[in-house]
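*Asks:* Chain residues, written in single-letter form:
2 protein chains.
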Amino acid sequence: MNTPLTVGVVGATGAVGKEIIGCLNKSSLYVDKLRIFGSHRSAGTICDAGKFGGIEVEMFDIEKSRECDVVFLAVSGDFSLQNAKKISDGCDGAVVIDNSSAFRYDNSVPLVIPEINAKCAKSSKLISNPNCTTAIALMALWPLHKMFKLKNIIMSTYQAASGAGEPGMDELQNGTREVVSGLKQVAENKIFVHPLPFNVIPHIDCFQENGYTKEEMKVTWETRKICGLGDDFPVSCTAVRIPTYRAHSESIVVQTELPVDINKARQVLDDAPGVKVVDDITKNMYPMPLTATGQYDVEVGRIRKSLVFGDNGLEFFVAGDQLLRGAALNAVLVAESMARNGSLNAKCANK
Amino acid sequence: MNTPLTVGVVGATGAVGKEIIGCLNKSSLYVDKLRIFGSHRSAGTICDAGKFGGIEVEMFDIEKSRECDVVFLAVSGDFSLQNAKKISDGCDGAVVIDNSSAFRYDNSVPLVIPEINAKCAKSSKLISNPNCTTAIALMALWPLHKMFKLKNIIMSTYQAASGAGEPGMDELQNGTREVVSGLKQVAENKIFVHPLPFNVIPHIDCFQENGYTKEEMKVTWETRKICGLGDDFPVSCTAVRIPTYRAHSESIVVQTELPVDINKARQVLDDAPGVKVVDDITKNMYPMPLTATGQYDVEVGRIRKSLVFGDNGLEFFVAGDQLLRGAALNAVLVAESMARNGSLNAKCANK
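Heads up: the protein sequence lines correspond to chains A and B, in order.
Quick note: the working numbering has the first sequence finishing at residue 384, numbered continuously throughout.
Quick note: the working numbering has the second sequence finishing at residue 384, numbered continuously throughout.
If you're looking for bench data, these hints aren't it; they were derived computationally from the structure.
One thing to keep in mind: the hints can contain errors.
Identical copies look the same in the list; a pair holds intra-copy or inter-copy alike.
[As the list claims (entries may be wrong)] Below, in silico cross-link-like pairs of lysine-lysine (DSBU-like), each with a Cα-Cα straight-line distance of 30 Å or less:
{"id": "1", "residue 1": "59", "residue 2": "217"}
{"id": "2", "residue 1": "297", "residue 2": "179"}
{"id": "3", "residue 1": "247", "residue 2": "51"}
{"id": "4", "residue 1": "247", "residue 2": "316"}
{"id": "5", "residue 1": "223", "residue 2": "316"}
The task is simple: from the sequences and hints, build the whole structure.
*Replies:* Next up, the structure:
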């Protein structure tokens, strides 16, 4: 971790970009120089980057971004599709960690949660960061899979406004204010398909031919890819937007090949990195957005035997910060794991 | 339906009681006289009962309530336990329709959703009204069961503040106002176990030994009893309180004995009484609290083949008004069905 790195962030003023800067502030990465790239609108402005000081935003440019050792993309899928490979191509390119869904289903691009498949990132210059819902769920599902061998996964989500970035959080806040002050009966909506304040919207991302949304299919596709479960592994998700700010919750039911011992399940989760077991019903402690917000660890609780699958099933509830584990933190942890195994140092050695 | 009835309501100032008065205003029951009973605090006050005019609240009294043909109890389980049988006992007693959970699991007391098991109410003077979550879910589950034979049910809920009555709704509104106005970082809570504004609480009613809450077990127990499914039928629920006012949503996955044809499933739901299929993803139409609130019908949508159970599985989403189908409306519909089959008329004939 001691090689000095030049780190670039594209999209640092968005919800995820801001959190990437925050995570870099606490990271073990040796950030020698932080460069922030933006559009012509933000170029020239000063971005408060915490311990890195005020940094002038540079107009994004392929060549300039290639000068970095690692570049975090916290921008749209279209931008990533257009630029990610140009930034990372060749031995002189930067390692790119992309937050969008642009390359997640490209077999040549690893999709990485470091606690699960860090090794997949090793020889790649372009790495995809998973969908937030998947990343949060897998922190609990992976250790359970290793111990009890999962047979299928059924999930219903309670997703925060932050999944739609700052504009989503602003729309929830402003709309809620208008409704509770009596200004409006029903809030206006531009970002979400319907008004979100005091409502529930079972629709995130666009609908697919099979009746599932793309958000729901992302959970299926990405779970299979990250955990190496094969293309037929049964995962089903109902993805629902609810009026919370930035932590996603998920109600998860799994059927297992091996019989489940609840105490062993709790223990394996307790031992898992990135997981905090919050499961003391005698003290009314369980995962909630209120407590998971701002935390690196995903809270896991309500752990109990499934009334449907009996000894071979488990039900539980998770809550995780969508912007951290669901985005920025995972991206920075990918970079840290690559720094540890030398994958960020190749270019530095040639400089 | 043409026999004039004296109808009593106990607890008319609560959230459910108010809706019972509202439903009676629109009911086909021939309400000759409406009597409203309350505690010593409300006795003597005038209750606005719509087309029935302003009605003076009478101090509750067993003998006076027995003068009614039918009495709706919208009060606590303790009150019901203490009084329901005293009101209904003997051929001179009133038929009692109880909204609490006091008698739901008593084998001698029918638990009724008229669209499913109206006949169970026929010869009983005391009828239990189901839990709101169960009542809403079963409007969709029962027709699907009749067509495809359900093998198991997995459910995650999105439950509104109204489940905790007016005080619950007030706490959500006041707390939300304090948070969005910047007065407080986190809202205060007295009614809910944790602050509800912008939060999610996976805990409704008290925890049982098996790690499920009583609210979750109510769904299991009541589904089995109402549908006559037997004591081992697998039903599993995760019950979650979210910051909405009065319509519950539910994400439901079922495994079926018979293969599911999605079009047939949609058709059987479309034909089912009390159900409104809201399922046009090309127009972003699906069940939501925003549209289900104030409606008698339960909205059902997001109907799709289960990615876990394949041809023998179905996933869907429902939203129903917790105070109407989940409480008041069901109770009034029970009375209507009893009036139709003559069960409310027995006493009238002897008067």
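*Asks:* Kindly indicate which numbered hints from before are broken by the structure, ordering the numbers from low to high.
*Replies:* none
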